[in-house]
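Undergrad: If you're matching them up, the sequences are chains A and B in order. My numbering numbers the first residue of the first sequence as 1 and each following residue consecutively. My numbering numbers the first residue of the second sequence as 1001 and each following residue consecutively.
Just so you know, these hints were derived from the structure itself, not from any lab. Take these hints with a grain of salt, some might be off.
Stated by the list, open to error - From chain A, some residues computed to sit far from chain B (all C-beta separations above 10 Å):
{"hint": "1", "residue": "L7"}
{"hint": "2", "residue": "G167"}
{"hint": "3", "residue": "I267"}
{"hint": "4", "residue": "L270"}
Stated by the list, open to error - In silico lysine-lysine, PhoX-like type, Cα no more than 20 Å apart, as pairs:
{"hint": "5", "chain 1": "B", "residue 1": "K1271", "chain 2": "B", "residue 2": "K1293"}
{"hint": "6", "chain 1": "B", "residue 1": "K1141", "chain 2": "B", "residue 2": "K1185"}
{"hint": "7", "chain 1": "A", "residue 1": "K6", "chain 2": "B", "residue 2": "K1271"}
{"hint": "8", "chain 1": "B", "residue 1": "K1271", "chain 2": "A", "residue 2": "K5"}
{"hint": "9", "chain 1": "B", "residue 1": "K1320", "chain 2": "A", "residue 2": "K6"}
{"hint": "10", "chain 1": "A", "residue 1": "K5", "chain 2": "B", "residue 2": "K1293"}
{"hint": "11", "chain 1": "B", "residue 1": "K1141", "chain 2": "B", "residue 2": "K1179"}
{"hint": "12", "chain 1": "A", "residue 1": "K6", "chain 2": "B", "residue 2": "K1314"}
{"hint": "13", "chain 1": "B", "residue 1": "K1071", "chain 2": "B", "residue 2": "K1095"}
Think of the CB as a built atom: it goes at the ideal place given N, C-alpha and C, for glycine as much as any other residue.
Now for the letters of each chain:
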Amino acid sequence: MNGEKKLVVSHAPFWHDGRSIAARNYNTMLAALPAALMGLWIFGGHALGVLSLCIGTAMAWELVLNKIMRRPPSIGNGSAALTGMLLGMILPASAPFWMVIVATFVAVVLGMVIYGGLGGNPFSPVILALAVLGVSWPLMFNYNYMLQAYDTGFAMAYPLAQLKAFGPGAVTHFSVADLLMGKQSGGIGATFGLGLIAGGLYLIVRGFIRWEISFSFLVGVLVTAWLFNASDSSAYAGPAIHLLSGYTLIGAFFLATEDSSSPVNFIPMLIYGAGAGILTVLIRNIGVYVDGVVLAILLMNVANPLIDAIRPKALGKVVRNA
Amino acid sequence: MIRRAFIGQGRPKLPYSPVADKGAGSVLQVPQPAKATFFVDQPYKDRAELVIKEGGEVKRGEPIAPFADFKSYALSSVSGVISSIEPYTGARGQKMTAITVEAKGDAWGQGPGSTPTLEAGLKYLENCAGGLSLVRAANSKINTLLVMGVERDLLATAVGQVVSEKAPSIKKGVEALKKMTGAQKAFIVVPPGLAKSAEGCGCEVKVLNAPYPAGIDRLVLHSLFSVTVPAGGFPEDVGFLVVPAESAAVVGEAFATGRVPDEKMVTLIGKDASAKPLNFRVRIGTPVADVLKIGNVTVNNSDRVVLGGPMRGKAVYSLKMPVEPDTDAILVQGADDLPEIADNSCINCGECVRACPARIQVNMLARFLENAQYEEAAARYDLLSCVECGLCSFVCTAKIPIFQYITLGKHELARLGAEA
Ligand code: SF4
Ligand code: SF4
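Generate the whole structure from the sequences, applying the supplied hints.
TA: Quick look at the structure:
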C-alpha cells in the first residue's frame, strides 16, 4: 500500500435498487403517451398546441420558481412535465392559451411549489388546477360547446353531458368499442379508453402506481353505477358508460394515484379509491356537475391524512394506556 | 448492485447468499498482524483515568480494560505491547477508546478456566468473535438461547462457514451458556442449506427459508417463535439470549481449552460481483488492508470499503481500520458502483412502507427525522420499532438516506435519555 487511499464514506445501505423520481415520472408520461397521441390524431393541430403549451409552461413555472427561491433547478425530474402533460390531456383541444397558462400556474405554483414542492402537496396538482378552472370558467369544460367546431368523422358528443341533459336514452348509441377507441368527445387525452387502460396496466406492472387505488376506484365507479342503474334504468345509465367516459379512466390510473395526495397503506388505499369512485358516480347522477371525478378526488385528497392514519401496528409497539 | 426487476410490485427480493453443509468453501488464513487495534466502548476523557499504559504487555485472548471500573474491555488477539491509547469516535458518534497493540511473540494469556459461570463469561467473553454480549443477560431472566446460524447481511457466508465446520464447538458452547444463564431451551436458526450441520449443535433446529431481512434477530423471534420484542427493548427482555453462532463456538472452545479464540471468520467481497466471495480466518483487530492483501483486492481512491454487508455495514475511511468482533464481511465497492443519495424531500410513493419488515410508516417517520424531531418520531411513528435492515433507504424513490436518519435519531434519543 503506497500511502493512504481516499475512501468514500457514507451510511448503509450501500446498495440502491435504482428507483428514482425521474424514472417514475418519465414512465408515467410514457404510459400516458398512447392516449395523448390518439388525442392528437383525433383533434389535430390545436390539441398539439395545447399539450405542448401545457408541458412547456408547467416546466417554465417551476424553473421560474426555482430561480426565485434560489433552489437548484428541479425540472429535470420530470414532475412539472408530467403535471403539464396530464393537465393538457384533460383540457379541451380548443382551450385558449391564457387558460393553459393559468392552469399550469395553479397546478405547479399553487398545487406544488408553495407546499414545499413535490411531496408536500395535499392535493393532486392537476386535480386542483382543474377544480379551479372548472369553477372559474365552467363553459371550458363543456366539451360539446368547446368542441362543436370539430369535424372528426364520427358523432362528436360528450357522453356525460348528453347523459345529464337528456338521460340514459341519449347515450345508448355509444358502443363500448367506440368509447374504448376514443370515438367520443372529451379532454384531449381522456377519450381513448384502451390507451389509458394499457398505460395504467403498464404502470401497475412496473410498480409506478399503487394498484390498490386504481382498482378500488374502478370498482367503486362500477358498483355504484350498477346500483343506480338497477334501481332505475330509465333515469341512470349503466356502468359501462360511467367507466369509459369523462375522466374515469385517466382519473383512476393517472390522477387519483398521485403520490403525495393519496394514502400508502393497504386498507386506506382501498377506502380512498373506492370513496373517490363512489363519489364520482354520486356527483354525476345526483349532483349538479356533469363529471364528478375532479371533485371526488379532491374530496378524497382532503380526507387522505385522516384515512391514512389507519395503519398496522408497528413491530413491538408498546401501547400505553393513559 | 441488485437492481429492481422490470416487474415492480411487491417487496424487494434479496436472497441471502446460499451456504451449504461441509465444504461451503475453502478458508484462507490471514497471518498475525504487526499491529492490532481494538475498540473499547467507553469514552476516553482523561489520561489520569487510564489503568493501562503505552508499553504495557498484553497476551492473546486476554481482556484489556483501560479503566478501573472494568465496565468494558477488548479481547486482545495478539501478544505484545500496547503502542497507543486514543479516544475514538464511532461511525454513529459513539465515544470510545482505541487501543493498539504491537505484536511480539505468540503467548496466550489467562483464560476463563474450565467451569462455565456467568462471572467468567462477563470477565473473559464479552464481545468475543461474533459479538456476544452477556451484560444484559446478567440482569434478566433468560430461559431460551437463540443461536443465530443465519447471516447478518447479504453476500456474507461467514456465519454459514462457521456453522458448517464448528458444530461440535457450538454444541459445547450451548451447553456452557445454558449453565451460565440458566436457560433451559436452546434453538439454532439456520438457512435450509445448513440443516444437517445444525443437527450437531445440540439445539433444536429451526430452518429459516426466507429472503433478507428475515434473519435479523427480532424478525426471527417474531416469525419463528411468535415472540415480539417491545420497541426500544431487547431480546433479553422477553427471556431470549441471542447468541451469534460464531460466539457459541468461541464459548465452547474457551471453556474446553482455557483460551478464548481470537480469530474471526470474515467474508471478503471484492469489486467483481461475479467472483465468488471467499472466507478468511482473521485475528480480530487486524487492519482491513491486511485482509485485502491476502485476498488480492486492490483499492483505489474514491472506492468504498465497508465492514459488514451492503445493507447494514459501515463504511470506513481508512484501510488501517481493524476487523471488529462482529465484522462478518468486508465489502469493497468501486467508484462506479456507488449509489447516489439526494436531498430530495419524500414524494410519498410508499415504497418504504411496503418494504419495511417492522411495519413502520417510514414516509411519515422520514418527515419527522428530517426535521430532527426525534421524540415525536419515537412516540408517534415508531422509530424504536426499527430493526435496522436498511430496506427503506434501499427502495427510496427520492433516494433519501432514511436509514442514516434513523440511526442518527436513535443515537440522539439515547443521548437525550442519558442526559435526562
Ligand atoms: S431500516 Fe427502514 S425498512 Fe428496515 S426496519 Fe428500519 S424503518 Fe423499517
Ligand atoms: S420511499 Fe422515499 S420517497 Fe417513497 S415514501 Fe418512502 S421516504 Fe418517501
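Undergrad: The structure should be examined with respect to each hint, and the outcome stated for every one.
TA: Structure-based check of each hint:
Look at L7 (chain A): its CB is around 6 Å from the nearest CB on chain B, not clear of 10 Å, so calling it non-interface is violated. Non-interface status of G167 (chain A) relative to chain B is upheld: no Cβ of that chain comes within 10 Å, the nearest being about 41 Å off. With a cut of 10 Å on Cβ distances, I267 (chain A) stays outside the contact zone with chain B, its closest approach being about 13 Å. Listed as a non-interface residue, L270 (chain A) keeps its Cβ farther than 10 Å from every Cβ of chain B; the least gap is roughly 14 Å.
Between K1271 (chain B) and K1293 (chain B) the CA atoms are separated by roughly 14 Å; this keeps the pair inside 20 Å, and the hint holds. A hinted pair counts as satisfied when its Cα atoms are at most 20 Å apart, and K1141 (chain B) with K1185 (chain B) qualifies at roughly 13 Å. A C-alpha spacing of about 16 Å is found between K6 (chain A) and K1271 (chain B), which places the hinted pair at or below 20 Å, so the restraint holds. Restraint check for K1271 (chain B) and K5 (chain A): satisfied, since their Cα atoms lie roughly 16 Å apart, inside the 20 Å limit.
At roughly 12 Å between alpha-carbon atoms, K1320 (chain B) and K6 (chain A) fall within 20 Å of each other, so this suggested pair holds. Straight-line distance between C-alpha atoms of K5 (chain A) and K1293 (chain B) comes to about 14 Å, which keeps the hinted pair within the 20 Å bound. About 13 Å separates the Cα atoms of K1141 (chain B) and K1179 (chain B), which keeps this hinted pair within 20 Å; it holds. Our distance criterion of 20 Å between C-alpha atoms is met by K6 (chain A) and K1314 (chain B), whose separation comes to about 16 Å.
Distance restraint check for K1071 (chain B) and K1095 (chain B): the Cα-Cα separation of roughly 14 Å lies within the 20 Å cut-off, and the hinted pair is therefore satisfied.
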